[in-house]
Structures are given as structure tokens and as C-alpha cells.
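Chemist: Sequence:
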Amino acid sequence: MKKLKKIVILLTILILVFAIYILNIDKEIYYIALGDSLAAGQNPYNQIGYGYSDYVSNYLKENGLLEYYTNDYAASGYRITDIEKDINENKKITVNNEIHGIKEILRKADLLTLSIGANDIFYKLGITNISNIDLTEVTNLNVYINDTLNDLDKLITNIKKYFKKDLVLIGYYNPLAAISSEYCRELEPIFTQINSGMKKISQKHNIYYVEIYEIFKENPEYLPNPKDIHPSNKGYQVIASSIIDIIEQNIIK
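Counting along the sequence shown from 1, when you hit position 9 you're at 8 in numbering that gives the first Met the number 0, and nothing is skipped either side.
If you're looking for bench data, these hints aren't it; they were derived computationally from the structure.
Errors might be hidden in some of the hints.
[Said to hold, decoys possible] Derived DEER-like restraints, expressed as beta-carbon distance ranges:
1) Lys198 to Gln46: 15 to 21 Å
2) Glu27 to Asn224: 36 to 42 Å
3) Ile98 to Glu210: 22 to 28 Å
4) Ser75 to Glu97: 25 to 31 Å
5) Lys252 to Gly125: 31 to 37 Å
6) Asn232 to Lys60: 26 to 32 Å
7) Lys226 to Lys159: 14 to 20 Å
8) Gly125 to Pro188: 28 to 34 Å
9) Gly100 to Pro188: 39 to 45 Å
10) Asn224 to Glu97: 35 to 41 Å
11) Tyr44 to Asn145: 29 to 35 Å
12) Gly63 to Glu187: 38 to 44 Å
13) Lys252 to Lys203: 21 to 27 Å
A virtual CB, placed ideally from N, CA and C, is assigned to each residue, including glycine.
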């Protein structure tokens, strides 16, 4: 009888240990960052550094929550069509010495952050150099904005064919705010309009949305180089902090 009791106790302990192990495995987050130079971590001096996705992954790692992280599908200059192409062609990357396509990565992922669309607007407006902007000939601005938002809507629909977990869409700041130009300051309503459209898209797809417009407007030091549109480390940290708030309040609570 005592021997049987010991066996039962041992089995109970083993089951508890296994259950704790399974629970811990389930809590680990497989994180992928998609997007443009912001997702890639480009700094204000044309170098790839530590971006918001790196700060988010670092937070997850420090808290024992990170299973895997990659921003290898993010690249400077990326537009919505580039991500669509990556998905449609199932672009490959190496993960733990094994080759995996983006569709498989999307199926595995628990968390996806997406920052995309700014390059689309610049491309449609013909902006190639922010130091020398002339938008006086632009007559189809609302068409460009609506086209970009429609493309973003379609992209998220495509992503969600494979990705079924928590998606965080990053809003826009005014990247031209540091330029001392009346015309550039007049662009603020445009970015307000775009962000409003992004919020509606987020609600439609039941995904999370990170608003960063106001905090960048109130802290111009986050854009230290007037000849470049990319944030400082502090700017990236602020974006990451907003994403981490969503993770803590909604994903790992």
C-alpha cells in the first residue's frame, strides 16, 4: 500500500511538472516584425541600428517570454507591394539553420507588428529627397491617401490568411515636422487623415493600433536629423513602449 502511495505521489509530481512546463511553453511568444525602415531599425544617419522591434523582443526575452524573433522581412524603402510580393512568393529566410518561408513563419507567429505605408505615400507624391520638396503640382492627394489605405486593408487581409494571433499596426508620425517649411507643417492634416483611416482598418480587422502621431509632435527631439525622417533611439523606445503596453494589457495578462 505504501509503495502504491509513493507511486501515486511520484506520478502526481511528474504531472504537475509537465503541466508547468506546458504552461510556460504556451506563454512564450514567437514574434515577427514586418514593414519598412522603421521595422528594420534604421537610425537618423542612414544606418540600421536598434529599432522598436528590437526593444520589444528584448523586453520579451528579459521576461522569459520570447520563443523567437525576426525582423528579417523588414527593409528600408519597403512599400505595401513589397510585403505582398514576399507573401505571394513565400520569401525564404533561415531560422535556426533551417530555411522557412514567410507563410510558415506567419502561421507559427504569436505576435506581429506592422509599420508600412509611408513610403507608398512618398512614392505617389514623387518625394525622393526631403530636403527639396515641392508638392505644388500635387492634385490627387486624397486619391493617393485612399489608395494607400485600400492597399493596406488588402495587405492585412492577406496576412490574416496565415497569421491568426495578435497583430499590432503602427500609426504614422509626421516625418517632415523637423523641416522649417510652412508647406510641410501644412501636411499635418494629411497624416491625421491617414492615421484616422488606419484606426478604422484596425477596427475592421480586430487588430491593435498604436498611435504615435501626438507624442512625436510634442517631442521633436525624437527626429534629430532635419535631413532624415527616422527616429532617434529614444523615439524607437517610445514606439516600443506603446507596443509593450498592448502586450502587457491584452496579450500576456
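Chemist: Decide, hint by hint, whether the structure agrees.
Modeler: Checked hints:
1. Distance hint check for Lys198 and Gln46: the Cβ-Cβ separation is about 32 Å, which falls outside the suggested range of 15 to 21 Å.
2. In this structure the hint that Glu27 and Asn224 lie 36 to 42 Å apart at CB holds, the actual value being about 37 Å.
3. For the pair Ile98 and Glu210, the beta carbons lie near 37 Å from each other, so the given range of 22 to 28 Å is not met.
4. The supplied range of 25 to 31 Å is met by Ser75 and Glu97, whose beta-carbon atoms lie about 26 Å from each other.
5. Distance hint check for Lys252 and Gly125: the Cβ-Cβ separation is about 45 Å, which falls outside the suggested range of 31 to 37 Å.
6. Remark: the range hint 26 to 32 Å for Asn232 to Lys60 is contradicted by a beta-carbon distance near 18 Å.
7. For the pair Lys226 and Lys159, the beta carbons lie near 37 Å from each other, so the given range of 14 to 20 Å is not met.
8. In this structure the hint that Gly125 and Pro188 lie 28 to 34 Å apart at CB is violated, the actual value being about 20 Å.
9. Take Gly100 and Pro188: their Cβ atoms lie about 41 Å apart, and the range 39 to 45 Å holds.
10. Evaluation of the 35 to 41 Å hint for Asn224 and Glu97 yields a pass: the beta carbon distance comes to about 39 Å.
11. Checking the proposed 29 to 35 Å range against Tyr44 and Asn145 shows it holds: the Cβ atoms sit about 34 Å from each other.
12. Range check, Gly63 to Glu187: about 42 Å between beta-carbon atoms, so the 38 to 44 Å window is met.
13. For the hinted restraint 21 to 27 Å between Lys252 and Lys203, the CB-CB distance of approximately 24 Å keeps it satisfied.
The structure fails to meet hints 1, 3, 5, 6, 7 and 8 from the earlier list, while all remaining hints are met.
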